[in-house]
Amino acid sequence: MTIMVRKRRTDQAGGGESSEPQDSNAGQGAPQHPPQQQGRGAPQVYPQQQQGPGGRGFPQQQQVLGGRGFAPQQQGPGGRGFAPQQGGGYQGRGGYEGGRGGPRGGMASQQYTGESLYQQQGRGAQQQQPRGPLPQHRGGGVAGGGRGGFVPSAGARPSVPELHQASQAPPQAGVSTHPMPRIIPAEVTQSEGSSSVSAVEASSSQVTQQLQHISLKSESSSIGDTQPNPVSSKALRFPLRPGRGSTGSRIVVKANHFFAELPDKDLHQYDVTISPEVGSRGVNRAVMEQLVKLYRESHLGKRLPAYDGRKSLYTAGPLPFVNKEFKIVLTDEDDGSGGARRERDFQVVIKLASRADLHHLEMFLKGSQADAPQEALQVLDIVLRELPTARYSPVGRSFYSADIRQRQPLGEGLESWRGFYQSIRPTQMGLSLNIDMSSTAFIEPLPVIEFASQLLNRDVSSRPLSDADRVKIRKALKGVKVEVLHRGTMRRKYCISGLTSQATRGLTYELLAFSPTLVIVTGVMFALDDMVLFFLHFRFPVDERGTMKAVVEYFRETYDVILKQTQLPCLEVGNQRRPNYLPMEVCKIVEGQRYSKRLNERQITALLKVTCQRPSDREADILRTVQHNAYADDPYAKEFGIKISDKLASVEARILSPPWLKYHETGRETRCLPQVGQWNMMNKKMVDGGIVNNWMCVNFARNVQDNLASGFCSELAQMCTISGMRFNPNPVLPVTGAHTDQVERVLKSRFQEVQKLKKELDLLIVILPDNNGSLYGDLKRICETDLGIVSQCCLTKHVFKMSKQYLANVALKINVKVGGRNTVLVDALSRRIPLVSDRPTIIFGADVTHPHPGEDSSPSIAAVVASQDWPEITKYAGLVCAQAHRQELIQDLYKSWQDPNRGTVSGGMIKELLISFRRSTGQKPQRIIFYRDGVSEGQFYQVLLYELDAIRKACASLEPNYQPPVTFVVVQKRHHTRLFANNHRDRNSVDRSGNILPGTVVDSKICHPTEFDFYLCSHAGIQGTSRPAHYHVLWDENKFSADGLQSLTNNLCYTYARCTRSVSIVPPAYYAHLAAFRARFYMEPETSDSESMASGAAGGRGGMGVGRSTRAANANAAVRPLPALKENVKRVMFYC
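Going by the numbering used here, the final residue of the sequence shown carries number 1173, and the count climbs one at a time with no gaps.
In short, the hints are calculated from the structure, not lab data.
Glycine is no exception: its CB is placed at the ideal position from the N, C-alpha and C atoms.
Hints may be right or wrong, so weigh each one.
Restricting the straight-line Cα-Cα distance to at most 27 Å, the calculated cross-link-like pairs of lysine-lysine (DSS-like) are [what the hints assert, rightly or not]: (1) Lys509 x Lys530; (2) Lys586 x Lys634; (3) Lys330 x Lys388; (4) Lys586 x Lys601; (5) Lys388 x Lys515; (6) Lys634 x Lys512; (7) Lys1163 x Lys793; (8) Lys601 x Lys509; (9) Lys509 x Lys680; (10) Lys1076 x Lys1010; (11) Lys348 x Lys364; (12) Lys302 x Lys388; (13) Lys961 x Lys403; (14) Lys841 x Lys302; (15) Lys364 x Lys646; (16) Lys795 x Lys785; (17) Lys1163 x Lys850; (18) Lys348 x Lys330; (19) Lys684 x Lys1042; (20) Lys388 x Lys348; (21) Lys388 x Lys364; (22) Lys361 x Lys850; (23) Lys586 x Lys302; (24) Lys625 x Lys586; (25) Lys339 x Lys388; (26) Lys339 x Lys364; (27) Lys403 x Lys361; (28) Lys388 x Lys403; (29) Lys634 x Lys601; (30) Lys403 x Lys634.
If you anchor each label on the Cβ, the simulated ranges turn out as follows [to be verified]: (31) Glu702 x Lys796: 43 to 51 Å; (32) Ala669 x Arg379: 33 to 41 Å; (33) Gln842 x Arg739: 24 to 32 Å; (34) Lys515 x Lys348: 24 to 32 Å; (35) Ser283 x Gly678: 52 to 60 Å; (36) Gly316 x Lys515: 48 to 56 Å; (37) Gln384 x Glu594: 42 to 50 Å; (38) Arg1022 x Arg763: 18 to 26 Å.
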């Protein structure tokens, strides 16, 4: 039996668009919805919460029992007061257990008797409301709940949810996590008569009259008094800029922002419905392009609309109708077959939706309105994307072309394409168009066999493919589009879904039917025309003989093609359940397909080499791109009245002075003033040298002899001693050589030998091959989660070189790993840091890293670090946890659960780090500064609502009336703003790499019109163009001045422990990033970032290809817990 269906032609490569923006940091999009982790009927954390018409309140998140929770804490003699466990408060996986401090101090536990400083609230205890007004979620329609919460009266508009406090109703039985707020869109009000808009075609004047009745989305310009339970859905406001900074020497820099003149035309939005619905933006655009071509002069009133590729159409002025239906016929491109081209019929309905509010945008840019009208910004962005989308291959907010610059090979069948990033942004100078150069990986348009040869780095025709080879080829080719070469000029395209398990010569077709237009064979279909395919469900004979055909024979007889590479498998193309089979040698990869999977280290290096440009070259390329784009001649920009400047923005900047650094009194130099962001350890000793009495070395490099390894270790021990550490020159055991496949056995056996000597191992030195695969990750996992050993890995190439600079850098890392300090800010010791030195202050850093593209089930890893010394603020303890796939909100900041004996018990990463700070310093923090890395602008509201609430709950769970003021700052590096020297030849304004000088800060012109943000380039460039960090303050109860926060942030960048250079982002955020990537080795060492694999390995923060998103593949899926860190490892900066 056969079933006849219409064939859907595969879309052309390169013409489609990504369904979601690749770069989430660009533009202030609407907040994304955090994943809902509980069903409708689940119990709520706050049972008395009222549910308004706008939604179902705060869904409670489920935590898997036995996961990374907190073990019940022992109850101290203070009754229901909180007494920390001996040797373990945070018992969750990878948490900080806060046990006894070692002989080097830092985090020694204290015995608590009687009333604890931090008291835990008993069940139902009344707790202090947090300090200051609570931020409210921007959505409307959900009541703020909990006991004593606002309950709307009959007919009243319910309030939005507040940040719930620990004083509210106790959680339900069972484990619960901090509740996740639900985003509710702001209401759109309509004036009388607006709800009934005629669907019949109207004249232009009638449309104009009807538009007057459509009420615009209102954005209140007045913030008003913030109350604990405000009714307004606009209650949450980010802090306003507290004036501009004034310290530092003033300069002028150029930024890659181009002034965009605000149009004076009315912008209208129309809803577009295309039937039958297709998932490809490329097809949608083709349909709308045909519609505009046919009807622009007539039915569209000569308007040139801009289309987003999905559901929205925008025009500069009204169309001469409110609702209209069009019939469009789309004809396929000529595939060279000579036959009739397929025609597809579409029905397009265009319906008036709203008007974009340019008046509110103008008010926002002037600072008279707090909220940016996102609709208007989105329209302008889409308008300016129309022409590049037609010319280039769009990827997120970037556009790529093989013609912009010569493509460069990246290896294994990939090549780099040059392109540019483009985004319209609201700034203090008005609208600006941010343009930056970018590069990404594309698949080379090679014959499939040649691609496979490059991928495997061998000639695939020389010997049969192994199972591993076949798996590698299948992974690389899955989803890739190919065109066939065996049909002359007819280049039909297919999408690869897999590979056959058999070789081509082993595949046999049973010929069941034949006609002049169609061949039907078992398991595969070969259509000879372009209109119809037959799918075989059941085999049955059509003649008495039942003819059999081999693939080789079939291609020779049907196409006169003699297959030569018959030992290779066939490609499976089309539907995975009913695939077609194509021999590899008759297929070629279609040009213009971006490679979205993870790049290997060699490819990353090659791509970085391509993208690495000196600042003057990058600036010139940006200007050439703007000239080539010719925005003045862009028909869409003309239609909408948008004018783009062709000159880089000149911006006032300041250069902040570097801080003085303190070193030990026994060194020749006890203080140091860094020069151009760097210094060295000559004549200096670490301010607090660590102690290494017992150490040993394991050598996994075959080409390093044991005597060479011993000599290297002796040199390293000597360097540590010279640098100020107390380092025993003799190992506790001689150097051990080992094979890379015996890492666990060797480490455990050597560790047991040390234990037999009744000694505690302080440090393990490991020599690794330069290319060590998963060895590094396995070693760190075993040492830190199984044996409790602090380790330092060194690559073979550095063992042979044995340079003094390298040894000095390794000594810095070893010192902080064993509990020492390298340097301290002089201003910290002399108590001269505003809002930090005057009272005990804890500084947090937090980050979430997500799996590489293509890993659909791996969890995300969250890490939080916090300073453990005051006033020095240089030591940081770190906690890590696994959470739902691509979940950006940190789930373990605060937790509560029911204990059958003690009732409600609370814990979490914030709480345990506050406890460890108290143990280390003897004081409780009276200020909290929280640097949060990796949050895009579209996530600001969710992250602030969720994580600030968790911080407050953690504080309230420790002691009544304990609510230290919080400053919450987002750190962004994934943006496209670049700063250039005003004169590249002025040696006084650039460093050796040609970049702007470290300490350059910008808080005007290109920054947010009203909110507290700034760009800071705190580091000296090494190669390429420096990217300044962007700091955006989301909450500030400490009332920092612009100078205060900018100077603090810049000064902290000089305290990074791993090198004698200032770094590009504030160290707490940097440490959180390192800790999160280290923890990924514990779970999946083969897929982790290898940036910190060994001292001297390529250093950059990023994980190439590591994306950020709030989307969760399956938020309810159980997350595999991380193995717990050993107690002695947690006490130190093991992640350095």
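Here is what the structure says about each hint:
| no. | hint | verdict |
| --- | --- | --- |
| 1 | Lys509 x Lys530 | holds, 23 Å |
| 2 | Lys586 x Lys634 | violated, 38 Å |
| 3 | Lys330 x Lys388 | holds, 19 Å |
| 4 | Lys586 x Lys601 | holds, 17 Å |
| 5 | Lys388 x Lys515 | violated, 39 Å |
| 6 | Lys634 x Lys512 | holds, 9 Å |
| 7 | Lys1163 x Lys793 | holds, 20 Å |
| 8 | Lys601 x Lys509 | holds, 22 Å |
| 9 | Lys509 x Lys680 | violated, 49 Å |
| 10 | Lys1076 x Lys1010 | holds, 25 Å |
| 11 | Lys348 x Lys364 | holds, 17 Å |
| 12 | Lys302 x Lys388 | holds, 20 Å |
| 13 | Lys961 x Lys403 | violated, 43 Å |
| 14 | Lys841 x Lys302 | violated, 66 Å |
| 15 | Lys364 x Lys646 | violated, 50 Å |
| 16 | Lys795 x Lys785 | holds, 16 Å |
| 17 | Lys1163 x Lys850 | holds, 19 Å |
| 18 | Lys348 x Lys330 | holds, 19 Å |
| 19 | Lys684 x Lys1042 | holds, 15 Å |
| 20 | Lys388 x Lys348 | holds, 10 Å |
| 21 | Lys388 x Lys364 | holds, 15 Å |
| 22 | Lys361 x Lys850 | violated, 68 Å |
| 23 | Lys586 x Lys302 | violated, 67 Å |
| 24 | Lys625 x Lys586 | holds, 25 Å |
| 25 | Lys339 x Lys388 | holds, 17 Å |
| 26 | Lys339 x Lys364 | holds, 19 Å |
| 27 | Lys403 x Lys361 | violated, 38 Å |
| 28 | Lys388 x Lys403 | violated, 33 Å |
| 29 | Lys634 x Lys601 | violated, 31 Å |
| 30 | Lys403 x Lys634 | violated, 43 Å |
| 31 | Glu702 x Lys796: 43 to 51 Å | violated, 31 Å |
| 32 | Ala669 x Arg379: 33 to 41 Å | holds, 40 Å |
| 33 | Gln842 x Arg739: 24 to 32 Å | holds, 26 Å |
| 34 | Lys515 x Lys348: 24 to 32 Å | holds, 29 Å |
| 35 | Ser283 x Gly678: 52 to 60 Å | violated, 38 Å |
| 36 | Gly316 x Lys515: 48 to 56 Å | violated, 18 Å |
| 37 | Gln384 x Glu594: 42 to 50 Å | holds, 44 Å |
| 38 | Arg1022 x Arg763: 18 to 26 Å | violated, 50 Å |
Against the hints set out earlier in the document, violations occur for numbers 2, 5, 9, 13, 14, 15, 22, 23, 27, 28, 29, 30, 31, 35, 36, 38.
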